[in-house]
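My request is simple: use the sequences and hints to build the entire structure.
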Amino acid sequence: MTKVTMNVNGRSRSGEVEGRTLLVQFLRETLSMTGTHVGCDTSQCGACVVHVDGQAVKSCTMLALEADGAEVTTIEGMTNADGSLGVIQQAFQDYHGLQCGFCTPGMVMSAKALLAENPKPSEEEIREYLEGNICRCTGYHNIVKAIMAASGQQVEPVAAE
Amino acid sequence: MPKDGGIGASTKRREDVRFLTGTGRYTDDINLPGQAYVHFVRSDVAHGRIRSIDPSTAEGMPGVLKVFTSKDFEAAGGIPCGWQITSRDGSVMQEPKHPILAEGVVRHVGDPIAAIVAKSREQARDAAEALEIDIEELPAVMNMREALKDGAPQVHDSLDSNLCFDWGFVEENREAVDTAIREAAHVTTLELVNNRLIANPMEPRVAIGAYDMAADSHTLYTTSQNPHVIRLLMGAFVLNIPEHKLRVVAPDVGGGFGSKIYHYAEEAFCTYAAKVLRRPVKWTSSRSEAFMSDAHGRDHVTKIELALDADHNFTALRTETHANMGAYLSTFAPAVPTWLHGTLMAGNYRTPLVYVNVKAVFTNTVPVDAYRGAGRPEATFQLERVVDKAARELGIDPVELRRKNFITEFPYATPVAVEYDTGDYHATLDKVLEISDWAGFDARLEKSRARGKLRGIGLAHYIEACGIAPSNLVGQLGARAGLFESATVRVNATGGITVMTGSHSHGQGHATTFAQVVADMIGIDASQVEISHGDTANTPMGMGTYGSRSIAVGGSAMVKATEKIIAKARKIAAHMLEASADDIELKDGAFTVAGTDKSLNWGDVTLAAYVPHNYPLDEIEPGLEETAFYDPANFTFPSGAYVCEVEVDPETGKVEVQGFAAADDFGNVINPMIVEGQVQGGLAQGIGQALLEACAYDDDGQLLSASYMDYAMPRAYDFPMFKVDSSCRTPCTHNPLGVKGCGEAGAIGSPPAVVNAVIDALHRAGHEIPHIDMPMTPNRVWSAIHGGAGPDKDGETMEERSVGA
Ligand code: FES
Ligand code: FES
Chain G
1 MTKVTMNVNG
11 RSRSGEVEGR
21 TLLVQFLRET
31 LSMTGTHVGC
41 DTSQCGACVV
51 HVDGQAVKSC
61 TMLALEADGA
71 EVTTIEGMTN
81 ADGSLGVIQQ
91 AFQDYHGLQC
101 GFCTPGMVMS
111 AKALLAENPK
121 PSEEEIREYL
131 EGNICRCTGY
141 HNIVKAIMAA
151 SGQQVEPVAA
161 E
Chain Z
1001 MPKDGGIGAS
1011 TKRREDVRFL
1021 TGTGRYTDDI
1031 NLPGQAYVHF
1041 VRSDVAHGRI
1051 RSIDPSTAEG
1061 MPGVLKVFTS
1071 KDFEAAGGIP
1081 CGWQITSRDG
1091 SVMQEPKHPI
1101 LAEGVVRHVG
1111 DPIAAIVAKS
1121 REQARDAAEA
1131 LEIDIEELPA
1141 VMNMREALKD
1151 GAPQVHDSLD
1161 SNLCFDWGFV
1171 EENREAVDTA
1181 IREAAHVTTL
1191 ELVNNRLIAN
1201 PMEPRVAIGA
1211 YDMAADSHTL
1221 YTTSQNPHVI
1231 RLLMGAFVLN
1241 IPEHKLRVVA
1251 PDVGGGFGSK
1261 IYHYAEEAFC
1271 TYAAKVLRRP
1281 VKWTSSRSEA
1291 FMSDAHGRDH
1301 VTKIELALDA
1311 DHNFTALRTE
1321 THANMGAYLS
1331 TFAPAVPTWL
1341 HGTLMAGNYR
1351 TPLVYVNVKA
1361 VFTNTVPVDA
1371 YRGAGRPEAT
1381 FQLERVVDKA
1391 ARELGIDPVE
1401 LRRKNFITEF
1411 PYATPVAVEY
1421 DTGDYHATLD
1431 KVLEISDWAG
1441 FDARLEKSRA
1451 RGKLRGIGLA
1461 HYIEACGIAP
1471 SNLVGQLGAR
1481 AGLFESATVR
1491 VNATGGITVM
1501 TGSHSHGQGH
1511 ATTFAQVVAD
1521 MIGIDASQVE
1531 ISHGDTANTP
1541 MGMGTYGSRS
1551 IAVGGSAMVK
1561 ATEKIIAKAR
1571 KIAAHMLEAS
1581 ADDIELKDGA
1591 FTVAGTDKSL
1601 NWGDVTLAAY
1611 VPHNYPLDEI
1621 EPGLEETAFY
1631 DPANFTFPSG
1641 AYVCEVEVDP
1651 ETGKVEVQGF
1661 AAADDFGNVI
1671 NPMIVEGQVQ
1681 GGLAQGIGQA
1691 LLEACAYDDD
1701 GQLLSASYMD
1711 YAMPRAYDFP
1721 MFKVDSSCRT
1731 PCTHNPLGVK
1741 GCGEAGAIGS
1751 PPAVVNAVID
1761 ALHRAGHEIP
1771 HIDMPMTPNR
1781 VWSAIHGGAG
1791 PDKDGETMEE
1801 RSVGA
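Protein chains in written order, with this note's numbering: chain G, 1 to 161; chain Z, 1001 to 1805.
It is worth saying that the hints were derived from the structure and are not from the lab.
Be aware that a few hints might be false.
Heads up, simulated PhoX-like pairs for lysine-lysine below, C-alpha to C-alpha not over 25 Å straight-line [unchecked claim]:
no.: 1; chain 1: Z; residue 1: K1568; chain 2: Z; residue 2: K1587
no.: 2; chain 1: Z; residue 1: K1012; chain 2: Z; residue 2: K1723
no.: 3; chain 1: Z; residue 1: K1723; chain 2: G; residue 2: K120
no.: 4; chain 1: G; residue 1: K3; chain 2: Z; residue 2: K1119
Below you can see the structure in the form of structure tokens.
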């Protein structure tokens, strides 16, 4: 067992890990931060996306040891300082970009990385960027809309009543 | 204009806040003190005899608590099947035992042989490597037609054959249908495969068993769509635990699509092992494990014949299907190709004679059961494909052929035993033609042509039977359970309400929509209403969520319970206002004596119910809590019309969906935003089936599509923005909300629309291709255009190994 320390959502967190412990296991099991999800074992679904030193990373493909000393941001760190939903989170709610919520943490973290890179992405750019995030519930329609809206672009409102 | 937060409003979902902040509570997020972890050792061969299992090395490994085999479950029952089908000859279906751990024989890749429980997940996994199992591999049978031949390998030695049942429906119509087809002016015939799929909710299954020695009671946390059903099946049939000693909790569940309806061996294992080991036992499925242990869906091979008279009226329909059951019967498996399929074969049309024959077959594959739509997509697919083919053969417009044969008068009793209460098929057709800009297709076709692409447009209609119930009917049809729903509405002293429903949300948004209904009925703010579900300890008996039944059946139970609440509250108000209950009106959360300004707030009355100082105690009890059970009079019959527009690259065979429009009639709609989201998600699954997804086995029974590397899950770039409309509304006549259910529609109506569009594109380019099986991969489409095996030979081998074909 080795001790690792990382800054998670602005707080220094430490724990003992095995060499094979994945970052996602460290977050979920050692730190009990269960917002980050595991949806596959071939690093394809993106449910586990977090940011490590500002980069979107699939936390199921990184060892906890590799993140020693890093700045890690997870879904739990995405709210505003007052606890209200951040811009992307709010857009996901406003545009019904989630159903079961399981892919959602990864989607939000990927969306955040996309907008950092490309603040006004086109619909096509969003769809391409989300290649590594699978959602089985929404058909992606409202996820794409939510990300467009979060980037300040005009989108059609949700269902007419 | 609907009231804010009331029925008809696109109220934002309250549950989103926890899901968006990482504070949801999914089963894998639960960890109990002292919990141990189980790792299942699964068969890597499709069929084999277990010669021996030597646990001694594994048992000595660090952290290992116990190695379980079938010997540990001698007192337990098998995993039960909830539906019994009777064959044409009057015999009941063959029903093999489905043990928790394999008893001497393994019957599919993934069949659990042994289970190792250790203090950590890694220790359990490490010990699994050391478990010595000697298996004699036996010949496996994958293909259904092969399985029915004499001399085929037998999946179960204890059965007479691999035929589970041979079902005819409606058997009395058989001869009349044969005659009508023989004498028809035109008969269109089509053979097709409804490809085997894997539901793939993004949350893999999880089970945690716990045992409380002091109370001698069990708790199971599980990723289920219906915790009460699991309690009943597991308690009564498998582990012999009375229901009052067994609590089943299904907290936040990350999608289901049918695959989390069934009772699975892992649930029974964890529940049982927790008692043996006196500590909680947790199992978290890996995705790879999910591919070979979650029930699969579809896998039908069908021949359909449609007879028409000289005026193009449909006169008869005959369909013959082989339905793959896999190696064992999953909970609802026998119902899917029969009652959820045969009863929908009339579709939206006035075909007077219909005959459906289904042979259900055991093979050495993972059990197959309901997947989003369950039987209805299979019915819709073959029907809408054959109607399109008939139009093409007769040289008439597929839109007009459908219009000519639509059912227009309701209620309508079909020749396949169901009665449609309401519908307006011309209305949804008109709407979909409008929103898809069907009329503008030619201009788009020209543009595609200019770019060297083929373009096609395809239409499909669907009808589905939802709100799965009524109990007396499904009982006659072989269901071993009732299919009602229940709800308890608990009004607290200060007026806030907790509704406990037997329905279950795994993404559908019950917490929001169910609250909208109750708030609207009473006239209070929706924030005053909380929805509780998923725990047998605090909700009344429930049958859960599947078959688009939540709002139609569970919602109706809640309405009935709320009506009882209102009736009682009105009596209390009458007493307090010194008026007759008949004169009391409830509006906007206030009780008023009609024609006066004498009025009480909701909270005044609820407080009186719990502080009954001034209260008619001799007439009514204090308190304000009511339960209702609701068992509907009929299924509901949502319907709709879908249009898909595709572009095909003739060089590569790649199909791109350029547009998709859906016009659905769900009856009344509680929350249009959520309804549209359900349709969009269903469309993605249906388009995925049509173009991408295939569960493929090789001839030896190895699962080739066993991870997201090989199973093509639809991604965001596979779709355009959808056009979804639910403004055509013919309310259901037999439930109090007039709702029909919307969860499965998208997955039911879309596959034939996509295939019809691709076939249309090919025909417009002069390729007279009658049919291409799903998934219409580039390779298959290219081969259809150019003949031969296609550029990607490996790809073809893989597809052709799709089990049923
Ligand atoms: S869990 Fe990391 S990509 Fe699926
Ligand atoms: S919301 Fe369920 S997987 Fe995306």
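Numbers of unmet hints, in rising order: none
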